[in-house]
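Asks: These are the residues of each chain, in order.
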Amino acid sequence: ETGVTQSPTHLIKTRGQQVTLRCSSQSGHNTVSWYQQALGQGPQFIFQYYREEENGRGNFPPRFSGLQFPNYSSELNVNALELDDSALYLCASSLFLGDNEQFFGPGTRLTVL
Amino acid sequence: DAKTTQPTSMDCAEGRAANLPCNHSTISGNEYVYWYRQIHSQGPQYIIHGLKNNETNEMASLIITEDRKSSTLILPHATLRDTAVYYCIVRGPLTDSWGKLQFGAGTQVVVTP
Chain A
788 ETGVTQSPTH LIKTRGQQVT LRCSSQSGHN TVSWYQQALG QGPQFIFQYY REEENGRGNF
848 PPRFSGLQFP NYSSELNVNA LELDDSALYL CASSLFLGDN EQFFGPGTRL TVL
Chain B
587 DAKTTQPTSM DCAEGRAANL PCNHSTISGN EYVYWYRQIH SQGPQYIIHG LKNNETNEMA
647 SLIITEDRKS STLILPHATL RDTAVYYCIV RGPLTDSWGK LQFGAGTQVV VTP
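Going down the list, the sequences are from chains A and B. So for the first sequence, the working numbering puts the first residue at 788; every next one is plus one. So for the second sequence, the working numbering puts the first residue at 587; every next one is plus one.
Derived by calculation from the structure, the hints in this document are not laboratory data. Computed from a prediction, not measured in an experiment: that's the story for all the values here. Glycine is no exception: its CB is placed at the ideal position from the N, C-alpha and C atoms. There may be inaccurate statements among the hints.
Said to hold, decoys possible - Far from chain A, by Cβ distances over 10 Å, these chain B residues were calculated:
#, residue
1, Thr591
2, Pro593
3, Ala599
4, Gly601
5, Ser614
6, Gln628
7, Pro630
8, His635
9, Lys638
10, Glu652
11, Ser656
12, Thr658
13, His663
14, Leu666
15, Thr669
16, Val696
As the list claims (entries may be wrong) - Quick list of simulated restraints, FRET-style, between CB atoms:
#, chain 1, residue 1, chain 2, residue 2, range
17, B, Pro593, A, Leu826, 14 to 24 Å
18, B, Ser627, A, Gly815, 23 to 33 Å
19, B, Ser614, A, Phe847, 21 to 31 Å
20, A, Gly827, B, Thr698, 17 to 27 Å
21, B, Tyr618, A, Phe856, 26 to 36 Å
To be verified - Here are some of the chain A residues that sit facing chain B, going by a computed Cβ distance under 7 Å:
#, residue
22, Gly829
23, Pro830
24, Phe832
25, Ala874
26, Leu877
27, Phe883
28, Gly885
29, Asn887
30, Glu888
31, Gly892
32, Pro893
Just chain B, with the same shape it has in the complex (with noise of 0.2 Å):
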């Protein structure tokens, strides 16, 4: 079972910052948190990851609430391009899961001109 929750879907009008929510309440001390992206037609591509800090990278911005219960993906101008389905995943230490990914239904982001 995912271990995360996703609103179904959501729209942002270009130039404007997308604010990504994921839920995760069962998160626990040695797990990650994951967010992949899909565009239509594509296979799942990686935006970033986190523990617990804020992380930024030249497509995004994590973050990550202090009891790390919740998270969100901050797309800072969002482009056309960046319509597609979000998924927010909790990965478990390589011991538990062999690294895999465990996607959920993910948010649909359509933005729009």
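For reference, chain A alone in the conformation it holds in the complex (with noise of 0.2 Å):
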């Protein structure tokens, strides 16, 4: 069974540029949440997605966006690109909405400069 993959895994951009990430989820999981976690300190949930509709958002602007495909990969999509937006993008999937357990994959890591 694949675990859930990101690409790319490095990334460097320059400030006002745009950004897509993508992510494929385990096979099965209809469920995908995005997470940026900023050095040294915990992931911030982004969004997340079930069945291809945005299902949640955290506490980031409209910049930041998602979609999820029928074959639930998801892709995260970052316009105007501002220094703080350097940070590791991770993305999770589960099984079902609500699933006691996330699998996260190892991330993206975004340069701005």
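If you follow the hints, you should be able to join the two separate chains into one complex; please do so.
Replies: Next up, the structure:
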């Protein structure tokens, strides 16, 4: 069984650019959540998708947006990048909405210069 | 805001039990206590969760006080591979929180030979 995978592993962008991060959920999982983890801090919830619809959102501005596809893979898009967007971006999938266990990918390290 | 308080760091000798405390004095009756850990350069990993009874699985034991205001995660025989940041998380019901995980700063556990 393949775990949660994310791409790319690392990414460098400049301020004002746009970025798309990708996540492939664990097989059969219909729920995916995205988290932002700044250096030295715990992950912060960005939003969650369930069956291709946004199901909940944390305290992040609208320039953070997402998609979930019919095969339950997912994208995180960030527009107008700011220096503070530099972080590790984690996606986590679960078998169903509200499942006790979320399976995290290894993350994408985004650096904004 | 995180609903839990954990020590910043703790050391543990290899082969000994590691007892990780967590305070969650404002926990509500329908909120669960979850533990995740994050090994360096990896995504968080689910360990265990509980409501009010003590729980045990192949990784750890969770002891929750009778008033539910604090809990302890026990790693029975710590190994070097248990070196990680451990997060204690209070998770609300699906209707309130969409199942999101609200991470704090966690406890950095270092297991030494």
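Asks: If a hint holds in the structure, say so; if it doesn't, say that too.
Replies: Right, here's what the structure says about each hint:
no., hint, verdict
1, Thr591, "13 Å, holds"
2, Pro593, "14 Å, holds"
3, Ala599, "26 Å, holds"
4, Gly601, "28 Å, holds"
5, Ser614, "17 Å, holds"
6, Gln628, "6 Å, violated"
7, Pro630, "5 Å, violated"
8, His635, "6 Å, violated"
9, Lys638, "15 Å, holds"
10, Glu652, "23 Å, holds"
11, Ser656, "19 Å, holds"
12, Thr658, "19 Å, holds"
13, His663, "23 Å, holds"
14, Leu666, "20 Å, holds"
15, Thr669, "17 Å, holds"
16, Val696, "16 Å, holds"
17, Pro593(B) with Leu826(A): 14 to 24 Å, "20 Å, holds"
18, Ser627(B) with Gly815(A): 23 to 33 Å, "27 Å, holds"
19, Ser614(B) with Phe847(A): 21 to 31 Å, "25 Å, holds"
20, Gly827(A) with Thr698(B): 17 to 27 Å, "22 Å, holds"
21, Tyr618(B) with Phe856(A): 26 to 36 Å, "30 Å, holds"
22, Gly829, "3 Å, holds"
23, Pro830, "5 Å, holds"
24, Phe832, "4 Å, holds"
25, Ala874, "13 Å, violated"
26, Leu877, "5 Å, holds"
27, Phe883, "10 Å, violated"
28, Gly885, "4 Å, holds"
29, Asn887, "6 Å, holds"
30, Glu888, "4 Å, holds"
31, Gly892, "5 Å, holds"
32, Pro893, "5 Å, holds"
The structure does not agree with the numbered hints 6, 7, 8, 25, 27 stated previously, though it agrees with the rest.
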